[in-house]
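Colleague: Sequence:
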Amino acid sequence: MPAPTRSRSVTSSDSIPSRGSGIDSSWGTHRSAVSRRCNSTTDSHSVCRSSAMSSTWCGSNAPAERRRGPTIYRRVMAEAPDPDLLKYYSFSVFTQLSGAVTAGMIHLGDRLGLYAALAGAEASLTTTELADRTGLDERWVREWAYNQAAAKLIAVDADVSPERFWLTPEATAVLATPDHPAFGMGMFHRFPQTMAALEVMPESFRTGMGHDYDSHGAEGAVGIERSFEPWNRHHLIPTVLPALEGIVERLQAGFAVADIGCGAGGAVLLMAEAFPKSTFVGYDISQHALERAEHRRREDNATNVRFVDPRVEPLPDDHSVDFVTTFACIHDMTHPQEMIDAIGAALAPMASIISCGWVMSWMQSK
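All residue numbers for the sequence shown refer to this note's numbering, where the first residue is 1 and numbers rise by one.
Note that these hints are calculated values from the structure, not bench results. Beta carbons: idealized from backbone N, C-alpha and C, even for Gly. Take these hints with a grain of salt, some might be off.
What the hints assert, rightly or not - Straight-line Cα separation of at most 25 Å, SDA-like style, residue types lysine to any residue; simulated pairs:
1. Lys152 <-> Pro162
2. Lys152 <-> Leu112
3. Lys277 <-> Arg306
4. Lys277 <-> Val240
5. Lys152 <-> Ser227
6. Lys277 <-> Gly254
To be verified - Pair ranges (Cβ atoms, derived):
7. Met333 <-> Ser90: 39 to 45 Å
8. Ala158 <-> Met201: 52 to 58 Å
9. Val160 <-> Thr207: 55 to 61 Å
10. Val240 <-> Ser161: 20 to 26 Å
11. Asp300 <-> Pro238: 16 to 22 Å
12. Glu79 <-> Val240: 55 to 61 Å
13. Pro169 <-> Ala196: 32 to 38 Å
Can you make the complete structure from the sequences, with help from the hints?
Modeller: Okay, here's the thing in structure tokens:
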């Protein structure tokens, strides 16, 4: 087996061994050849082989620090790792593992109510007090709290014994207040499902075939729902729709609306409640999301909205839809162009659409 090689930066004034000395023969550039090219006066606009710089940076025209010759790269025999660089590289690798473990602990802090308990306490808590409030084992809660404090996600007073933990106002907003626009636990809700995908990804790497959202199970759909809910509640009705000229008035009068990739129906149900004279259809292929959306529709007693699978009931192609919304989902589809074409066939003359910028640009070009 040939010895492994790696690239090393050298200059043309360095000694470059002959091909017989272990250098990869594909390099094939001798020092004199490099020197001739860089010092040539008849090829004043040529580009040095490796540096991609004009010859004004070579030879006698070069600044003093460049006159050693251009920086080139050659293949060299593998060497023993530099001890200091090896330590730094190993630290960098294992730092990534630390982040993954902490992400899992964030999921558990949300799932087990640990953040909620800290946020609801009138004062800082010991791990014994936190365990009592959540019905959990103190030893495990202590390890969780140490991880979270080390990651600077929860605050700790380490000068007392036992230590006391609490949430800052910012941490409370992000970790423990679902109604706050900065709430961020949705993405961590589905962290176990995201990591479980590693079991099936090897096959995807071999075949190029991906997996749909339902492969993450019902909790995957709930995670997406929780991720979008803060934005929906704080921005869609009060900020986004009023920014579109005439949309609110037309929705109040009665519009036919389609939401593409509706998920658990959060955006559709908010609009249906705000504009009872309009009719809404939410489209999604995730059965878990559709079940969740229908459950929420019944809870809200919403009579002006339906949720359907477009494979069963396709988007109409008769230009009968007045308003289409699609939030951060077209890019996830296997055939986005087909979806965009279907939206175009559904839109009525003078209809409106809310979507990602590139989808809007395409629709405007039509």
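Colleague: For every hint, state whether the structure bears it out.
Modeller: Evaluation of the provided hints:
1. Lys152 <-> Pro162: With Cα atoms ~18 Å apart, Lys152 and Pro162 stay inside 25 Å; holds.
2. Lys152 <-> Leu112: With a Cα-Cα distance of about 19 Å, the restraint between Lys152 and Leu112 holds, given a limit of 25 Å.
3. Lys277 <-> Arg306: Satisfied, since the Cα-Cα distance of roughly 14 Å is no more than 25 Å.
4. Lys277 <-> Val240: Holds. Lys277 to Val240 sits at ~19 Å (cutoff 25 Å).
5. Lys152 <-> Ser227: holds (22 Å)
6. Lys277 <-> Gly254: Roughly 5 Å separates the two Cα atoms, so the pair holds.
7. Met333 <-> Ser90: 39 to 45 Å: With a Cβ separation near 40 Å, Met333 and Ser90 satisfy 39 to 45 Å, so the hint holds.
8. Ala158 <-> Met201: 52 to 58 Å: Once the Cβ atoms are compared, 40 Å apart, the range 52 to 58 Å for Met201 and Ala158 is violated.
9. Val160 <-> Thr207: 55 to 61 Å: Since Val160 and Thr207 have Cβ atoms about 57 Å apart, the given range 55 to 61 Å holds.
10. Val240 <-> Ser161: 20 to 26 Å: With Cβ atoms ~51 Å apart, the hint is violated.
11. Asp300 <-> Pro238: 16 to 22 Å: Holds - the Cβ-Cβ distance for Asp300 and Pro238, about 19 Å, lies within 16 to 22 Å.
12. Glu79 <-> Val240: 55 to 61 Å: holds (58 Å)
13. Pro169 <-> Ala196: 32 to 38 Å: Between Pro169 and Ala196, where Cβ atoms are some 34 Å apart, the hint holds.
Of the numbered hints stated above, those contradicted by the structure are hints 8, 10, listed in ascending order.
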